[in-house]
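Engineer: Heads up: the sequence lines are chains Z and V, in that order. Going by my numbering, the first sequence opens with residue 2, and the numbers climb by one from there. Going by my numbering, the second sequence opens with residue -19, and the numbers climb by one from there.
Everything labelled a hint here was simulated from the structure, so no lab data went into it. Take the hints with a grain of salt, since some may be wrong.
[Claimed, not checked] Below, in silico cross-link-like pairs of lysine to any residue (SDA-like), each with a Cα-Cα straight-line distance of 20 Å or less:
1) Z/Lys45 <-> V/Phe(-7)
2) Z/Lys21 <-> V/Thr131
3) V/Lys85 <-> Z/Asp46
4) Z/Lys45 <-> Z/Tyr64
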Amino acid sequence: MIIWVLYDIGKDKARTKAAKRCQQAGLYRVQFSCFLGTLTQNQKDTLQLQLEELIDEETDKVYIFPMSRGELQQTALLGQAFDKKLVTDEIRALFF
Amino acid sequence: MTLTPSHIIEHLFCPRFTYFEYVLAIPQYEEKNYKVMRGRNLHDERLERNKDYLRKRVGRPGAPVTEKHTDQYLTNELMRGVVDEVLGFGDGTMAPLDYKFAEYKDKVYETYRTQLYCYAWLIEVNFGRLVDRGFLVYTRSNNRVVEVPITEEDKLDVKQAAEAIFTIIDRNFYPKATKAKARCVTCTYRNICIK
């Protein structure tokens, strides 16, 4: 499934770690605190637990939103947009 | 060599698993799996807390929980294992209790059942008392306790699986893969297994 991960984390160290975890899970960095990519149910669950351990539950915010492929195609992107095909794994390799 | 419940579970998942891991000795790098490691640490954390607490509510009417043995290392001729808790009841029966770093999704999966069957067999051999059920504690569902019945056939199935594993390991036998193709998708040995 396609997953959005958005976060607002106060501590620099925890925030850097959160970004690293998202990228290790195979997500694509859309903005500084916003990641997008395709994960399996188990990968999503793992990422959720990892982020849960990093954050301070009193102040920080982490949102994990699933989205269907159809809904992603309907998304409006203005300006410097990301590549939808890259995110949905339609492009498997960047070089031929 | 003695087996652990994990060997049995892996073997029932796919007999090739036993071959790759214990005949060819190819590791599956479990320590790189975050959820696996969280689950392992869970037992250490839990041991520190509520040492003397008896789970009275899991007893049957007229046969309350009377004793508990934590972290029991048990062995028999084929197998070894550490049971998180062995509970003793007033009617002379016993039951294993195992903690899981998992959520309860209205269904007890076969792997968890198998593990309890292994423990049941170990407890019967070591304590000489009947085991006809086991318990699972789902720590990610608010420590929900689920009872699992254990029959004689279940314990027999585990024994047969244990013998099958020794056939593979002792004779370097390359077994047929599981018929359930869905398991191949997430298997750690999918890249080296012959289809």
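Engineer: Could you run down the list of hints and mark each one as holding or not?
Structural biologist: Structure-based check of all given hints:
1. At roughly 23 Å between alpha-carbon atoms, Z/Lys45 and V/Phe(-7) are farther apart than 20 Å, so this suggested pair is violated.
2. Between Z/Lys21 and V/Thr131 the alpha-carbon distance is near 48 Å, which puts this suggested pair outside the 20 Å criterion.
3. With a C-alpha separation of about 14 Å, the suggested pairing of V/Lys85 with Z/Asp46 holds against the 20 Å cut-off.
4. The hinted pair formed by Z/Lys45 and Z/Tyr64 meets the criterion: a straight-line CA distance of about 12 Å does not exceed 20 Å.
Checked against the numbered hints given earlier, this structure breaks hints 1 and 2; the rest are met.
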